[in-house]
Amino acid sequence: MTWQRDVPALYEKEKAEIEAHFPALRFVVEDDLVYVRGSFAVMFEAQVLDRYSVELRLARNYPAGLPVVRETGGRIPRYIDRHILDADGTACVLLPDERWRLWPVGSPLLKYLTGPLHSFFLAQTMVEEGQPWPFGQWAHGAKGVFQFYRELLKTSDLRVIITYLDYLAAKKVKGHWPCPCRNGKKLRECHFDQVKDLREKISRKDAERSLTILKAAGTSAIEMTEAKPTAPITQS
Amino acid sequence: MTADEYLRAVLDSQALEDDSDEIKALQKHRADVEKLIRDNFKDTALTIRYAGSRAKGTMNKESYDLDIISYVSSGDNTGGETLEDIYENHKKALSKKYYVEPKGSALRLKGRDPEDLGVDFHIDVVPGRFTDETQTDAYLYQSGGDKKRLKTNLDIHLDRVRDSGLIDAIRVAKLWSVRNGLPIRTFVLELAVIKLLTDKKEKSLSAQMEHFWTELRDNSADLTVEDPANPTGNDLSKCLDDNLKSQLAAAAKRTLEQIGSSGWEAVFGKTKEEEKAARVEVLRRAAAVATPSRPWLPKA
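Going down the list, the sequences are from chains A and B. Under our numbering, read the first sequence as residues 7 to 242, first letter to last. Under our numbering, read the second sequence as residues 1304 to 1603, first letter to last.
These aren't lab readings, by the way, just hints derived from the structure by calculation. Heads up, the beta-carbon is just placed ideally off N, CA and C, and yes, glycines get one too.
Label pairs and their computed distance ranges (CB to CB):
(1) A/Asn67 with B/Val1481: 57 to 65 Å
(2) A/Arg84 with B/Pro1417: 28 to 36 Å
(3) A/Asp87 with B/Thr1501: 51 to 59 Å
(4) A/Glu36 with B/Ile1351: 55 to 63 Å
(5) B/Val1585 with A/Ala222: 36 to 44 Å
(6) A/Gly136 with B/Gly1536: 48 to 56 Å
Below, a list of computed lysine to any residue pairs in the SDA-like style, where the Cα atoms sit at most 20 Å apart:
(7) B/Lys1579 with A/Met49
(8) B/Lys1541 with B/Asp1449
(9) B/Lys1602 with A/Leu217
(10) B/Lys1602 with A/Ala93
(11) B/Lys1579 with A/Pro138
I would like the entire structure built from these sequences, with the hints used as guidance.
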């Protein structure tokens, strides 16, 4: 799949928008993959607060897939508490299940760069200055997934969350299925609209991945129920 | 922030902690230099010590040198028959690893390898010979000027500064001198500070500095300093000539005017803490309007 050849108008539009907004970033195509490389500016009120050397590898199934982001300047230490994978320097910008809130599928790439990616590097600069993560952070791995769904579904019951994820990962859901809230009613009589809404927001693939992660965590479920996300800080 | 709080913050930002990268680098340099000298003076009884601001406690991060003395014991001729021999033999030894530039009594070390060619390491090695077995007074060779031998005493120099009770004022004066590009030798500046402030020790640091600059502005023509280790034998008048005195007076006048019109920050700028606080504030404002998104790592 080569989206840039299949949909050249989209490629040209994204390229023009990004290069106009971020003059130090360039689109490059290598081995049928689209990369965005260069110096990423962290901005505020037309002032450059910081710069990071970055590489974004756009997914082969763009715009459905998330870009793979790497900080190439070696400035951010490669350890998990900075949300950089040691193995390949990949930056973990967001929880894919939360994408619909931050950069819904179909949104321009510019929205990703000015939204979650900008926040990620702004946060890195703040952490470098000895500040807490300004928007909070999800715990790593299964705990972070659990935190997200606990906030989203407003329940700490892991069994409920797993059932919801089963339904989000399913090819189809049937109204006569038991409602994931476990109140004994059928889905159509209870949280059908909510499940339907979430299935539009969270991709089956992301739900499947989260389900696998949570099920694999297994015995640490109790620990997970006690995990709390770090709260965003407020401006003083 | 009061003037004194500000000056303390300036000094704090200029402090070099023992575990700082700068001090670690200096310690490594010192170890390298000492090994190089000892390897080349295997049969010689040498005393190698820190001198200068490192020993006096007056280092400022913005501009510092590493002074190392290397004195031969009084009855030992294995390091050289004459003072000039000792000086030249040190130069020869140090040249095996560094480009060595004669600088008065000292030898300044610079990079010689392709990767650091000509880089000034800000290290001065001062060769000499103790005058007697007490190992206190020493003779230094002077590579320039008419007089080739200079008597000195490192401990008297160190004590004069360390016991002055004016370390902070000396550090502020050194920073001021560097920021104003004044061609005054650090040793002479230290003596001038001590002389002008010796009866002002009970004053606040800001009051001391205002007094120091007022004296320089109004009375620098009459300012003299003397070498405490050799008051009659080491004439420092050439180190504090009329040209330098007029430069000191002009800089002092400008500094006092800056304080009067714009406050102390006009003299040394914002402190690092203030700069950092301002940056954090801008970052916080940026975060307040940014898309709140939380990073997540797939693996725990």
